[in-house]
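J.: Position one of the sequence shown corresponds to residue 9 (the numbering used here), numbered consecutively onward.
Just so you know, these hints were derived from the structure itself, not from any lab. Among the hints, erroneous ones may be present.
[What the hints assert, rightly or not] Below 35 Å or equal to it, Euclidean Cα-Cα: the simulated DSBU-like pairs (lysine-lysine) are:
no.: 1; residue 1: Lys106; residue 2: Lys78
no.: 2; residue 1: Lys106; residue 2: Lys87
no.: 3; residue 1: Lys106; residue 2: Lys86
[What the hints assert, rightly or not] Here are the simulated distance ranges between beta carbons:
no.: 4; residue 1: Val40; residue 2: Ala68; range: 34 to 44 Å
no.: 5; residue 1: Lys11; residue 2: Ala56; range: 44 to 54 Å
no.: 6; residue 1: Asp119; residue 2: Ala56; range: 16 to 26 Å
Glycine included, each C-beta is placed from N, C-alpha and C at the ideal position.
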Amino acid sequence: MNKLAEIKLSPDGGFKGFGPLGLEGGQDGVSVFVNFLSSAIGLITIIAIIWFIFIFLIGAVGIISSGGDKNSLESAKKKISSGVIGIAVTILAIFIIKLIGVLLGITDILDFTTMFNSLLIN
Numbered sequence: 009m010n011k012l013a014e015i016k017l018s019p020d021g022g023f024k025g026f027g028p029l030g031l032e033g034g035q036d037g038v039s040v041f042v043n044f045l046s047s048a049i050g051l052i053t054i055i056a057i058i059w060f061i062f063i064f065l066i067g068a069v070g071i072i073s074s075g076g077d078k079n080s081l082e083s084a085k086k087k088i089s090s091g092v093i094g095i096a097v098t099i100l101a102i103f104i105i106k107l108i109g110v111l112l113g114i115t116d117i118l119d120f121t122t123m124f125n126s127l128l129i130n
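All chains, full assembly: derive it from the sequences and hints.
T.: So this is what it looks like as structure tokens:
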């Protein structure tokens with residue numbers, strides 16, 4: 009049985025710093041932020057797709073189980089419509105961001121590594 013003092017609290021090799029004052033081999037702050045931002049956008053997109061599938065299936069089950077009831081059928085159709093609108097907005101947002109980038113002259117606006125490295129003052 010391990011005693012409290014024997015429990016390992018740090019990863020093998022220790023923690024790694026970032027920036028010019030960080031430990032040797034550490035990541036810089038920009039790459040840490042870029043990784044976080046890319047992961048967050050990817051996670052939000054995946055959640056939106058899963059939510060769309062969930063809402064679509066609930067709407068489909070609602071249509072099947074409506075049994076001719078107009079109120080239930082209308083409610084199920086609204087759920088499917090809101091799911092389709094939600095996924096369309098999610099996909100459209102990516103294209104709008106790319107369009108804004110092209111209009112502003114930032115061709116790789118979704119390439120966060122290039123964008124943030126160009127903003128750094130050296």
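J.: If a hint holds in the structure, say so; if it does not, say that too.
T.: Hints, verified against the model:
no.	hint	verdict
1	Lys106 to Lys78	42 Å, violated
2	Lys106 to Lys87	29 Å, holds
3	Lys106 to Lys86	30 Å, holds
4	Val40 to Ala68: 34 to 44 Å	42 Å, holds
5	Lys11 to Ala56: 44 to 54 Å	47 Å, holds
6	Asp119 to Ala56: 16 to 26 Å	21 Å, holds
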